[in-house]
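Novice: Respectively, the protein sequence lines represent chains V, E, G, B and Z. For the first sequence, my numbering gives the first residue as -7, with consecutive numbering after it. For the second sequence, my numbering gives the first residue as -7, with consecutive numbering after it. For the third sequence, my numbering gives the first residue as 14, with consecutive numbering after it. For the fourth sequence, my numbering gives the first residue as 667, with consecutive numbering after it. For the fifth sequence, my numbering gives the first residue as 135, with consecutive numbering after it.
If you're looking for bench data, these hints aren't it; they were derived computationally from the structure. Hints are not guaranteed to be accurate.
Unchecked claim - Below are the BS3-like pairs computed for lysine-lysine, each with C-alpha atoms no more than 25 Å apart in a straight line: (1) Z:Lys314 / B:Lys983; (2) V:Lys198 / E:Lys(-3); (3) Z:Lys261 / Z:Lys244; (4) B:Lys844 / Z:Lys448; (5) V:Lys196 / E:Lys(-3); (6) Z:Lys187 / V:Lys0; (7) Z:Lys488 / Z:Lys476; (8) B:Lys876 / B:Lys842.
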Amino acid sequence: MNKTQNNKAWFLVLPVFLLVAFSAIIPLMTVVNYSVQDIFDQNNAYFVGVEWYREVLQDPRLQDSLLRQFMYSGSVLAIEIPLGIAVALMMPTRGAMASLTLIVLAIPLLIPWNVVGTIWQIFARADIGLLGYVINGMGIDYNYANNAVDAWLTVVLMDVWHWTSLIALLCYSGLRAIPDAYYQAARIDRASNWAIFKYIQLPKLKGVLIIGILLRFMDSFMIYTEPFVLTGGGPGNSTTFLSQTLTKMAIGQFDIGPAAAFSMIYFLIVLLVSWLFFTTISQLDKDKTKEISHES
Amino acid sequence: MSRRKNVGIWAYSVFVLLPVYWLINMSFKSNEEILGTFSMWPQQFTWANYQVIFTDPSWYNGYFNSIYYVVLNSIITLLVALPAAYAFSRYKFVGDKHLFFWLLTNRMAPPAVFLLPFFQLYSSVGLFDTHIAVALAHCLFSVPLAVWILEGFMSSVPREIDETAFIDGYSFPRFFIRIFLPLISSGIGVTVFFSFMFSWVELLLARTLTSVEAKPIAAIMTRTIGASGVDWGVLAAAGVLTIIPGILVIYFVRNHVAKGFALGRV
Amino acid sequence: MSWMAWTLPTAVFFAVIATILVSMTVWEIRSPCIERKGLLPIATTRGDRLFIGLLSSAFFHLYIVGFTTINIWVALVLSIIWLISVMRWG
Amino acid sequence: MAEIRLTNLAHSYAADPEHTTDYAIHEMNHVWEQGGAYALLGPSGCGKSTLLNIISGLVKPSHGSVTFDGVEVNNVSTQDRNIAQVFQFPVIYDSMTVYDNLAFPLRNMKVLESEIDAKVREVAEILELSSILQRKANNLSADQKQKISMGRGLVRDDVSAILFDEPLTVIDPNLKWKLRRKLKQIHERYNITMVYVTHDQLEASTFADKIALMYEGKIVQFGTPRELFENPNHTFVGYFIGSPGMNLLKMTLSEQGAELGGITLSLNEEQRALLQDVGNAELTLGIRPEFVQLSANQNEDSLTCTIQHTEDLGTYKIVTVLLGEHTIKIRLDEEQQIPTQEAYLNFPNQWMKFYADDYLINSSEEDSNE
Amino acid sequence: MSLVLENVNRSVDNTSHLKDINLSFEPGSFNVLLGRTLAGKTSLMRVIAGLDKVNSGRVLVDGQDVTSLSVQKRNISMVYQQFINYPNMNVYDNIASPLILAGTAKAEIKRRVQETAEMLRIEPFLKRYPLELSGGQQQRTAMARALVKDASILLFDEPLVNLDYKLREELRQELRELFKLRNSIAIYATTEPNEALALGGTTTLLHQGHVLQTGPAIEQYRYPINLDAADLYSEPPINILPGTISEQEVTFDEYASFPVAGHFKDVPVGAYRFGIRPSHMSLVPKNDDDIELSVQVEVAEISASETFLHVANKHFQLVLQLSGVHDYRTNTPVKIYLPPEKLFLFNSEGGIVKAPYPERKKGAQQHG
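Based on the sequences and whatever the hints tell you, model everything.
Specialist: The following block contains the structure:
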């Protein structure tokens, strides 16, 4: 679509700009201010330059939780993306069953995050939880409260339970948008199901998958509530992720300066990843409009 | 092939529903039963846990608080996102792409980064512990997504419809309400779904910005950990009650969801 | 505003950023920019190049501060040179 | 390579069709011979795409059978029918190169890579795609994409028929004739049965040796372009073929001849005999605008009319005249002069067609088999 | 009500869409804009409607400068190529909407909607929604909405292009009658010369953003101002053969020559381009002077009563438009005949030198 140049459109955007600026820019500036000072209370703050940044970057605790964070985001993505695609492919396409499946799949998305934590806290406990009880019943020693590996697995399983639906629903709507002619042509060309998936469905899912990966990466990167409720970050620090470390630092220990510096680094990483995804998406959009303009 | 598909989707549905079932199961048991015997369904069925919640104002007010700020957030989100999305979908203007990107980065920003300044910001303008504070804070995350979703839907409406309306003599507001909004009703449904979803499930900000008056249900649930240990039954009942509004919302927008989850960008 | 804990360096920093944004806007209104492809692998506008320049400078600073003992002013000067070259040839 | 035979074929999209209006395809028998180039022509909604999809197996007919070379294929899947189909909007696998797109059906059939290469290059040569074989298929223009869709059908040696479903809809007008020519050349070269669905008579008559004209779920006429033009056996054929369509005048029979609302047209013996035993059927006289003779001078059997309007289209003229209460269109050559007010019409006997309840009354056996 | 465009220029992102357009439209006139895709027809209409801004120049309605007036205030109607209706309103409300906005009385609205719907033969569908209608009915609804409000300027941007050809034929005829009855300025854009010729009215030829020629279509068909104009009026395109004129002879490369006669007599010697309309060549000589050319058939396209014969030899490619059905297989050798008296003569820049029609009627305006 060719849009018209009109700078008056800014007036339409202004409410959003002001609203978001209020909630985003002022806090961001504050974080920057904190990150260069040593703050004891309102009236006792000393300028320390980039000292906190140096300290934070060299702090092994933070390096560990950053590493843990990447491992966590990586593993949930590695499970949720293929699983979500598979679920989307299996979903019925029409009728009452389609609606029902849709509602069932969406349930985990609409449960408050701490309730998600609670559900799994109960579900996975060895004494009163179905999952824990069954696993222990099978003779496997499982206790997410004591064993780091168990805790880690439980957190990942919880995330898969919680978020695979998002990927599945995204892919489902992406699949629905493929015109029938493609499937018909493939049948005529004698394509196998695998070939249909590889050459028709997957390429058409590229757009929604990028959005899905972006959302999932970001949300898992800032995950806080669910593991906090489930494991409280333990045992040890095995399930302590970035947001938890940060919150502990800022509110628990009131180390505002380092917390702010750390926030800035966190924010820059998020900015970089967002930009990479955004560029990819708009590049895809551009290809698509090119395609359309050819056809018209 | 089709059978294998069905088995797969049934299996996955069971995986999704089982933990929820367990929660429901527990909500109908007494604490003694929960801790005492392991059973797949309540042996001594009881409503007692729900009674606790429905008779204690500090419990049920938590629900009202949550619903109040969630609705407030959805309304504010729609009101500001609709005109902005229209601008992005129809016009080119200085800085449009960068503004759009900047909006999206806010959706991606971790709440933990903003926690402390938020607390101080809303305290300093006297909004601490109000519903509007939570709603506004959640807008930081729901508005960018709403603009994005709506922009996708609006771009699929041909610009010629706008022009025809202007040629017919519609003023902009009248056109927008009478003609344009009905055309993107799916998009609005999906936007409401997403802003509801985010605001309803978020806890970190909601808890930080409230203390008594506007405390969300999710935060009140932490009370079940008392001196005598965790009150599992009430916790489960409270959890079950938080799931219901979500199911209602998804039921109402289910027909738009297939289209909408692609965020108008397939 | 006292809770925002302003310091002179951060005030200067934000003032510089704000000035750059305002002047970029004025520039854009005066002579709209056309997307072009330079040394960077994708077609960019002026605003894109500014963003790329600033973000990469930020990461460069983090590297210098966290993992070397080089003076931060050196990093700043290098970043400004980098920023200008990205704007010019990117 | 196959002869496609439709026997007592009917189709309804409704589960339990009750009325005839529930049927998208009314019961029909039809044969597409091996190696023929056919068009299925008709206005939108006449059932032509449904019929095409029944042949390719994408739609299962509610009644009757489809046979390929005498073998019933009703229950054979699309994959196993050895059919190629080109859709209205080009379907290409856009993550692949042009080469891989063309090779795709062969690779699915596990053909040797060396054979694939030879075949792909041969087809690419014919379709003039050789220079872009290594390009990604998604950034091509619509006509190139459509050529790829066709090419995927052509690479297969086993294909029994190629079906085209309005393949030129998205093609730029000035490229259309180039692709039409390509199609025709391909048909002449490969001797494959081809069925081409379209609503455009130009496309149909250019491509096909024989046209099946569909109207409301029925094939109303099957014949060469010339037969459809000169001897339409249904008023709809007369109306639909030709631009402008046939002049259709309601008439009744009287002692003097044909009564055309106040004007009497004398008929010869043969015509009278023909019209004798039609009973109560509604009669229509049809004559093509190209065959009406217009002159400034009265002559034997001529009818007086008033000139209403003249359109000079450069290469030809269309004159609208009023004959009694009927409006008649006449098509004249560029050079022909047009009388100013009063004018005289002649309907040559051989071009007058009579229809009883919209169906042609055949003058003799040989005419109908022309 | 008159409409005048003065030196209108419009460009987007440095590509020019309209170049120095000067046009005036008479009150109550019917006008056709003829040009290829992207020739600037739509841009011109959008400027007249006020949907797009001009970079320079003025738009005057009744002498009043309306260049910066908003769309709502211009009293125009427009019909697009796509079927544009309000999907959430039924057909009645769609047609009534401009009247409701203008504050017309209820009874009057009812009467006018009925009347317009009858005129366009959509009154059985008034209660239906646009998306439940066929393409033709949808476009009729859009036209009804445009016609109901008695706008002073009616803009039709290729309204029939997305319809089946038979429907197109019928609607075109109806439109011609509809326009006759109105005193508004009607402007109709099309890519098809036949449509321009059939509709009549004043035709403006647009090519690459500028006006080539204005006048009655049939005049432009006979006296095109240059090659582009001649080409726009041929469907299939006009055939071009390069050649030279000497003292005695006209020569096409080495393959054909004929004595200088007829309308070539007073032409200075030199190299020219000769144009011949596809309909003017034949398979049998009509005249002794006709030039005989040996060619091979590339393809024969048959359209009911006509055949388009594409032929070629090693020097050229030509298209013939023949009446009747002529079915030839590819590569059949044939002889074709080209009457010299029907040749257009263009100079090397493409400007017209001689047209094959005896006298030039007055009134056809010229543009550079």
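Novice: For each hint, tell me whether it holds in the structure or not.
Specialist: Right, here's what the structure says about each hint:
1. Z:Lys314 / B:Lys983: The hint holds at about 20 Å.
2. V:Lys198 / E:Lys(-3): 23 Å, holds
3. Z:Lys261 / Z:Lys244: 13 Å, holds
4. B:Lys844 / Z:Lys448: 19 Å, holds
5. V:Lys196 / E:Lys(-3): 21 Å, holds
6. Z:Lys187 / V:Lys0: 14 Å, holds
7. Z:Lys488 / Z:Lys476: 10 Å, holds
8. B:Lys876 / B:Lys842: 20 Å, holds
Checked against the numbered hints listed earlier, the structure breaks none of them; every hint is satisfied.
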